[in-house]
Amino acid sequence: MRIFWVLFKKELRAFFVSPVAYIVLALVMVLSGFSFRAALSVLESAPSEGSIVTWTFHAMWFWLSYFFIFPLLTMRLFAEEKKMGTLETLFTAPVHAWQVVWSKYLAAVFVYCVLWIPSYLNFRFVDWITVGQVEVPEGALKGSYLILLVMGLFNLAIGCFASSLTSNQIIAAVISFTISLLHFLAGLFIMVVGRRVSETFVDIISYFASMEHIRIFTSGLIDTRPLVYYTSFALLFIAMTHQVVEFRRWRP
Amino acid sequence: MIEVQDLTKQYAGRTAVDQVSFKVEPGEIVGFLGPNGAGKSTTMRILSGYMPPTSGSAIVNGHDVFQASMDVRRSVGYMPEMAPLYTDMRVKEYLRFRAELKGLSGKMLRQRVGDVMDQCAITDVRRRLIGNLSKGYRQRVALADALVHQPPLLILDEPTNGLDPVQIRHVRELLKNLGPKHTILLSTHILQEVEAICDRVIMIHQGKIRAMDTPDNLTRKLRAASLVQLEIQGKGPFIPLLEELPGVRKATEEGVQDGYILFSLRVEARHDAREAIMDLCLRQKWKIRELHWQLPSLEDVFVELAATEASKA
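Respectively, the protein sequence lines represent chains A and B.
Going by the numbering used here, the first residue of the first sequence is number 1, and it counts up by one from there.
Going by the numbering used here, the first residue of the second sequence is number 253, and it counts up by one from there.
Watch out, some of these pointers could steer you wrong.
The list that follows gives simulated cross-link-like pairs (lysine to aspartate or glutamate, EDC-like), each with its CA atoms no further than 20 Å apart [to be verified]:
| no. | chain 1 | residue 1 | chain 2 | residue 2 |
| --- | --- | --- | --- | --- |
| 1 | A | K9 | B | E255 |
| 2 | B | K433 | B | E255 |
| 3 | A | K10 | B | E333 |
| 4 | A | K83 | B | D270 |
| 5 | B | K460 | B | D270 |
| 6 | A | K82 | B | D270 |
| 7 | A | K83 | B | E333 |
| 8 | B | K344 | A | E11 |
| 9 | A | K82 | B | E255 |
By construction, these hints were calculated from the structure, which means they are not laboratory data.
If you're wondering where the values come from, they're calculated on a predicted model, not measured in any experiment.
Okay, chain A solo, but in the shape it has when bound:
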């Protein structure tokens, strides 16, 4: 465990000494500001069913930034060490592969969580400035950040895996971006083809439709199915990353 913390600290440090974390933070701050503004103007124009939380996470701005976060945060993790050859020094020190994989992954998760602090503060501020005039439903807020966290766990695990496959950061970024986006678009399949397909097919699709999950959670409902879905797939991708990193130790 001590080794894990040493590695975890080093990974976190790497995020904040390079410009990457700050660039992503700025991107997310600006675009979550935009989506917040968009939500406010929806509520301003007409009475609406959804709360401010729902509208914020349905704004185009939100999804625009969302899929850029993961490749940017994860492309460096293994690809850079492979390229520089430091994986060799790392794995000739007495460290286990799981310590390396989890420290890198959890450092990325930590930074990901930090990214959402400004957007959370937006909601707190509106509460404070309007003295409770605009209703910020507590349950919806909690649900939104919970689903954001598990979707983050899922997509960051994909990014981690992509980075372990190559020594080129650009390729790692492209792979993780493609898988994340394809997964998202598959969830939109029903919206595209309508309900002409069979009932069971629609049911299956809705299990991994991120848009649908967001809709449920931002209305304050906590559905355990998406939570299990995202975390179990995250674990699968981390296990695969572990296998890729340990590949050199395989024997026929």
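Following the hints, complete the assembly by docking chain B onto the known chain A.
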């Protein structure tokens, strides 16, 4: 300290190391010598616990490299080729990180990091970013990293690569001083290095061990005849008389300089023909300006090994 038995490593159909067996006793400095791509780095990677062999076994400090990789890593200080380092870290910070990974902590950690920085003469750059350091400094940071947990065995892949002559001398001195307490296995393709610091040489070429002996014995065993150089003045015929001498195989005239004629004589290996040549010159009243026996260097051994390989192939 190291026991290697029939070690083989194959990469996707290509055999990098082929049935290599050798032993290294505690306290020895052993040089791994071979051209690029001979299998030096692969062998060292296996011995440092980075990757397992395809077949065969390697025991390092009593631990099997595959079964007890962690124990092996704890007893080895490994410095990879090209000295890869985190370029965004500062020197001291990096060494502290590495020392923590290797299980040091507290007072011990601070003391060891200070010690190795002094030993490797990098104390004056301890606050600099590694990315901004010259090759020579980086190499020494990597060496400091290998030393920091006081491992009984050091495995160094081309430790003097990329250093200037002064730094090379410094590193060699350092390694010699580490000698009695540490066992060192180092690889190089520089022959003087082996001659300067190693107790024993293992020559490896195309994944196989070609020779294993002390540097002196290797040069002595050299099959190639050695050369005697001679500059004389006087009345000929020179060549028939010189070739009559016992042990001299062939004499050739190399040219004339300031009235002296230059000869090079190929003599039998291990046959010192100088006295006989001297006597001959005195008898013939030839004036001698130079009489020099050129000992074969490891370089000749090496070139010959490579050449015999090439002719076989």
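How the hints compare with the structure:
1. A:K9 / B:E255: Given pair K9 of chain A, E255 of chain B is violated - Cα atoms ~37 Å apart, limit 20 Å.
2. B:K433 / B:E255: It holds: about 19 Å lies between the C-alpha atoms, which stays within 20 Å.
3. A:K10 / B:E333: violated (23 Å)
4. A:K83 / B:D270: violated (28 Å)
5. B:K460 / B:D270: Since the Cα atoms of K460 of chain B and D270 of chain B sit roughly 6 Å apart, the hinted pair holds (cutoff 20 Å).
6. A:K82 / B:D270: violated (26 Å)
7. A:K83 / B:E333: holds (14 Å)
8. B:K344 / A:E11: With Cα atoms ~17 Å apart, K344 of chain B and E11 of chain A stay inside 20 Å; holds.
9. A:K82 / B:E255: violated (30 Å)
Hint violations for this structure: numbers 1, 3, 4, 6, 9, all remaining hints satisfied.
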